[in-house]
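Build the complex from these two chains, which are given one at a time in their own frames, with help from the hints.
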Amino acid sequence: MLGKTANGLFWMYRYLERAENTSRLIETGQRIALTRLGASDDQWRSVLQTAACEQGYDAQYEAVTKDAAIDWMLRAGDNPSSVLTMVGAARQNARMVRTALTHEVWEAMNGTYMRLRQMLARKVAERDLPAVLGEIRQGAALVRGATHGTMLRNDIYNFARLGTFLERADNTARILDVKYYVLLPSLMHVGSSIDNVQWETILRSVSARGGFRMEYGPDAGPRDIAKFLVLDRRMPRSLAFCTRKLRENLGYLGTSHGARLPAHGMVNHIETTYLSHGIEAVFEYGLHEFIQKQLALLAGLGRQIEIDYRFFE
Amino acid sequence: MCGPSKASQMTETPIFDEMWGNDGQLRAPYGRFQNWLESEDPKRLRAKQREADDLFRLSGITFNVYGRSEAEERLIPFDIIPRIISAREWQRLSRGIEQRVRAINAFLFDIYNGQEIIKAGRLPREMIAQNEAFLPHMLGLRPPGGVYTHIVGIDLVRTGPDQFYVLEDNARTPSGVSYMLENRETMLQMFPELFARNAVQPVQTYPMDLLHSLAACAPESTHSQPTVAVLTPGIYNSAYFEHAFLADQMGVELVEGHDLQVVDGRVAMRTTAGYKPIDVLYRRVDDDFLDPLNFNPESQLGVPGIMDVYRAGGITIANAPGTGIADDKAIYSYMPEIVEFYTGERPLLENVPTWRCSEPQALAYVLEHLAELVVKEVHGSGGYGMLIGPAASRKELAAFRAKLKARPANYIAQPTLCLSTVPIFARSGLAPRHVDLRPFVLVSPAGIKITPGGLTRVALKKGSLVVNSSQGGGTKDTWVLED
Chain G
1 MLGKTANGLF WMYRYLERAE NTSRLIETGQ RIALTRLGAS DDQWRSVLQT AACEQGYDAQ
61 YEAVTKDAAI DWMLRAGDNP SSVLTMVGAA RQNARMVRTA LTHEVWEAMN GTYMRLRQML
121 ARKVAERDLP AVLGEIRQGA ALVRGATHGT MLRNDIYNFA RLGTFLERAD NTARILDVKY
181 YVLLPSLMHV GSSIDNVQWE TILRSVSARG GFRMEYGPDA GPRDIAKFLV LDRRMPRSLA
241 FCTRKLRENL GYLGTSHGAR LPAHGMVNHI ETTYLSHGIE AVFEYGLHEF IQKQLALLAG
301 LGRQIEIDYR FFE
Chain P
1 MCGPSKASQM TETPIFDEMW GNDGQLRAPY GRFQNWLESE DPKRLRAKQR EADDLFRLSG
61 ITFNVYGRSE AEERLIPFDI IPRIISAREW QRLSRGIEQR VRAINAFLFD IYNGQEIIKA
121 GRLPREMIAQ NEAFLPHMLG LRPPGGVYTH IVGIDLVRTG PDQFYVLEDN ARTPSGVSYM
181 LENRETMLQM FPELFARNAV QPVQTYPMDL LHSLAACAPE STHSQPTVAV LTPGIYNSAY
241 FEHAFLADQM GVELVEGHDL QVVDGRVAMR TTAGYKPIDV LYRRVDDDFL DPLNFNPESQ
301 LGVPGIMDVY RAGGITIANA PGTGIADDKA IYSYMPEIVE FYTGERPLLE NVPTWRCSEP
361 QALAYVLEHL AELVVKEVHG SGGYGMLIGP AASRKELAAF RAKLKARPAN YIAQPTLCLS
421 TVPIFARSGL APRHVDLRPF VLVSPAGIKI TPGGLTRVAL KKGSLVVNSS QGGGTKDTWV
481 LED
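Sequence order for the protein chains is G and P.
Under the working numbering, the first residue of the first sequence carries the number 1, and numbering increases by one thereafter.
Under the working numbering, the first residue of the second sequence carries the number 1, and numbering increases by one thereafter.
Next up, chain P with everything else stripped away, as it sits in the complex (with noise of 0.2 Å):
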């Protein structure tokens, strides 16, 4: 799919392949890794592959198909080449995420205390108050800590040695951490010798990580060690998995909105013995489902009146509610300016160029080079209801073509980008697959933690660039070496 456009310089240059460059020659992070490559017999690899197969089933790494069945739990396809980023590589890509991740806490915070950003006419106020991720509720309350994203996903892609692009921001609730975790246990399992070889910086501090950065955003009147509980949808949601890990690796509770009551003006869980208060929330549950009392009425998944308890300060809730706003995709397409608005400095990370369709110069240009674009909906997720134009047939291209002028403000467009590529270990060995990347960040008072590497996604079609686990994507170990 990469290859000449007219749309974009960008897809004019060739692939670049992180462990062959563009020109076929290895490059230096991935040295020892191919000496080792090359001494290994290639049935014995075969091998291994099944072996990460069943590890990952027995773990009951799985994740729920939405849609389907409930009995039916499927693995996301572990390849067992690394992906491998030197150290230099990555303390320029922390930098940037650093930056983009105070940017975003900032512009929250602004957008619902004061709106600067709109006052100094940076930001069109339309964006705001049309916009469905933003949320009224949160207006004037400042959350403990201040902190707005607790954990977010950054999703980078590159399309050469030194270009990087942000393709998204997660600040709701960014998922895949378990994956990140469960990959590098894997990997170790199945070939220490290959740790002994390089050093790779650990990844295994997550979740001690993720527990002390929430109990520092504890409410200022928790006095002894905060209870800390993780809110999931429940045993169907489609990353449960995730969320039962995550509690397990912590130490925390596993709870659900029926284990949960305001009792007393905190919220609490029922235990064996009674309620008992609980200090920091990190939800897996959206906005929507929160609270039935404040937000939608039908949802049996959230706490009724946690809002009432969170404005009173009660109870802190990772990440905020409201935090939509911040990675919404047609938010996206301000971030540069977001970044310098409360930086005061020059973004690190580069954004994708991007189209609001809601401009009509806009529209007419995408609708004219739909065949090059990526067009995505404002809200969508999971790789759902976007168009991959060089890749669609005539009859989807009209189709999209018709939702676009019927709901353009509902829409962006993006150039193809040409994603750089990663081998995978296929059965005729090792085939280049694109592939996006996901570090995780962690936000608390006491500052900004980013675990090296993150979540790698790898779209196992030829020539696909859709790495969505929901769409047939699979995942690798990334590696971030020691300098």
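Only chain G is shown next, with the shape it has when bound in the complex (with noise of 0.2 Å):
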């Protein structure tokens, strides 16, 4: 397959399941401004922090509102990681790589693209809001439920599948390094509990809350949740989990293309040597430089993978 075909399906998976990482947040975000008494516009900043466009938000505007952020994350054509310019980037790419897709998968794309044109070509109303989310995450799920229907598990569908694993893992590792403090046992409040607000907002930005608490049990703490992210092997986007799948599919594209190349090397070394001991090692390593680390990890594994299977020239 072309060098050029990998690429546009790296990185149409990869801008497909921002777009949909980025409504996850926005809903968690939405959910706790309406539930919380209290809540009030700062926590909009470490959304868009999570989000990866806080720079963007503040070179337009002068202060941090729930509507101008909501905004800003989901319609901005300025912000390149809006979700619109996300899903159009998606589809540009899926353009590009049609003859490697099927027939329902693209239509699967393309579809998600017109419907989210429409709906987020005016400022969404916030009675609207929810609609607007569900639609990007139902499009998202029907591009990735007919990529697994309907394609052969081939390179095209292992490049589809690095895309995703690379994306969801570096979007799991910049949650918790906006949020690792409330994880540390030294902010650890006394008798604290699932319940903590804090909490629930990382459960919920990786849609796990039910999850975490069916396998944790009720008393669980913020040490579970970052084992839970980081090294639960369960849960699907965890660190383990997606570093895991990131290995499998460039072990099948070692095996078709006859080489191991240095992305291979790469891999395993992020497994074996950051995801492989229990979560104490994690806290002794030290929270925050640990995800710092992984991130830049995840970042030359990305850069190495277009090298190896030459996107460039």
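Hint data in this document are derived by calculation from the structure and do not stem from the laboratory.
Accuracy of the hints is not assured; some may be wrong.
Distance ranges between label pairs, derived from CB positions [to be verified]:
no.	chain 1	residue 1	chain 2	residue 2	range
1	G	N154	P	P42	47 to 53 Å
2	P	K403	G	A125	50 to 56 Å
3	P	P42	G	R36	40 to 46 Å
4	P	D308	G	Y285	56 to 62 Å
5	G	H148	P	D54	24 to 30 Å
6	G	G258	P	D483	16 to 22 Å
7	G	A63	P	Y236	35 to 41 Å
8	G	Y252	P	R88	53 to 59 Å
9	P	P297	G	A125	53 to 59 Å
Footprint (simulated), chain G over chain P, 3 or more residues, beta carbon under 8 Å [unchecked claim]:
no.	segment
10	48-61
11	237-250
12	269-277
So these bits of chain G aren't anywhere near chain P, every CB distance computed over 12 Å [stated by the list, open to error]:
no.	residue
13	R95
14	H277
15	I279
From a predicted model like this one, the values you see are computed outputs, not experimental measurements.
Built from N, CA and C at the ideal position, the CB exists for glycine as well.
So, in structure tokens, the structure goes:
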């Protein structure tokens, strides 16, 4: 397959994943704004940070307000990480790699884009927000489902999956990067429970509040949340889960290309050095330092995949 | 716009409607269709027409408009009333098309190897020597399989039950075949019952026919199954959808110039596992942009050095560079002579009478009768830069007269043909609109293959004769009935 096509697939799925994650962050912010007394616009700053679009926002606006923050993340053309920009970019990449996609995947992608473009043509009224956010996640699920159900398990599929899991791991790491302090033992409130608003933010941001409670019980604390998001291999957004998927998909590519490339070594290194020990080791390393390190490693892995598989000349 | 005219006998006939004839009597090929149509609720049909638009949009069957913002993708309007051609009519047409395409290939071979037609005095030397479409690089070069035009589109118009004319030949990179295929898909999906009642000759084999035809033209040095690829100028090209569609349907790679490189004397594409050589390149990039080392040095769309590989027999380029000399509008006027010269037969398909404005007498006539004529640029396409005399204002006529006088050799003129009509499904019901037809022809050493039917383009504006999609034209499914 063409290096250009691998590149297009990789980014199509990255952008799609990022759009979905951003919508989840907005939903979390909105939920907390509506259900917590005393929740202020300040908390939207941390949502902007997590969605990695705080800088652009500050260049455009004087202060953080809920309306402006949501609009910025949802549909601002000037924001390269807004949902609308992302979905447009995902669809543009899909057009570029049209020959590598099944009809179903293309139509799911194109249909999602067409619906969202219409829904996001104007500023979204608060009462329409749930429907819009739902559409984003359903659209992403539709593309992912069509991919899962109709695409051959070949190189094309593997590059699509690499994009998905690299972006997802990056996203989970960013959520932890912004919120790591609430998980540190020193800041643990006496008798705190899962009801802590900050913890809830984290869990909702990865759509895992129920799952976490089910697996870790009602008395679980911040250390467990860290463990859940970093090391739990059952959790499809954890760093360990995503990294294992990256290793597997790179492994299939290695087999089909008959070559072990530097990216294979890098992903093994991430997994064995950082994700094969207990959560104690992570805290010993320093949670913040650990997350920073993961973000750097993931970025490096992304660059190496581009080189190894000749995305560019 | 049709009606009496001093310019030509042809336009004095009333408008011929392919469904209702000249006299309002339903023509035979439309019999079963009309039965069905009568039993249909117009409301349901209107809903179906909207459904068709949604299907096209979802499939992304759009074209980009030149000079508009990158994001703008437009639908070519699709009309649900098919254009129906009888088996007998089609047999006649396809014989004529095959003859013409054979002659075009023989002509190209001759022009680049020997120029017998000039030596025989049947074509003036300056028609070639001073023609921008003539490519000296091709002199003495014999493309693999002797094929120049692997894919040809012959634009036909009809003026009566038995009068067909070739309006122009498209021997470079004819487009529109994806619409032919998608129009049929859409009709099959929306009106399956129609195809149960009417035996319509299938068109869906085209992509595989194209692949086989291209593979059969691979360089002689190709040993295994030839590697075919489609070269597109990229995602912003107006026909990008079609390029992707054809590559997808054939199951071959869609490449851009920056994916390709000359490696070890072969043109190769950059894959995730290194460079892989290509045997046959179906290019949808114009000659001028094909090779910055040999042609336009500014081109980002082509492959530096591809012409050197081509000359050495390392790749097949489809269509061959330099084929534009055969579909040039000035050469067009010589097509009857060209067909006769190479086939030894009388042309089966008629040319539209054409005045070459480069000839002083013809120019004088054209200037005098401008208001009755259609004037076209010799190298123009897409309906740009043409004048339709009867529809032009005085001011437009005066402006065009000045252009003609300044560069007469740049223009040809033809009588305003009274194109046939086929009904469209308009808001008020069926309404006749002018149409043309572009059948698609594949050429390989194994033979000439013509897909039954082709692309019917329809001018959606009442009375308009301009069917080009860039000028607001639409398309219809084209049926050729089984015998």
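The hints, checked one at a time:
{"no.": "1", "hint": "G/N154 to P/P42: 47 to 53 Å", "verdict": "holds, 48 Å"}
{"no.": "2", "hint": "P/K403 to G/A125: 50 to 56 Å", "verdict": "holds, 55 Å"}
{"no.": "3", "hint": "P/P42 to G/R36: 40 to 46 Å", "verdict": "violated, 57 Å"}
{"no.": "4", "hint": "P/D308 to G/Y285: 56 to 62 Å", "verdict": "holds, 58 Å"}
{"no.": "5", "hint": "G/H148 to P/D54: 24 to 30 Å", "verdict": "holds, 25 Å"}
{"no.": "6", "hint": "G/G258 to P/D483: 16 to 22 Å", "verdict": "violated, 54 Å"}
{"no.": "7", "hint": "G/A63 to P/Y236: 35 to 41 Å", "verdict": "holds, 39 Å"}
{"no.": "8", "hint": "G/Y252 to P/R88: 53 to 59 Å", "verdict": "holds, 57 Å"}
{"no.": "9", "hint": "P/P297 to G/A125: 53 to 59 Å", "verdict": "holds, 55 Å"}
{"no.": "10", "hint": "48-61", "verdict": "holds (count 4)"}
{"no.": "11", "hint": "237-250", "verdict": "holds (count 5)"}
{"no.": "12", "hint": "269-277", "verdict": "holds (count 6)"}
{"no.": "13", "hint": "R95", "verdict": "violated, 6 Å"}
{"no.": "14", "hint": "H277", "verdict": "holds, 34 Å"}
{"no.": "15", "hint": "I279", "verdict": "holds, 37 Å"}
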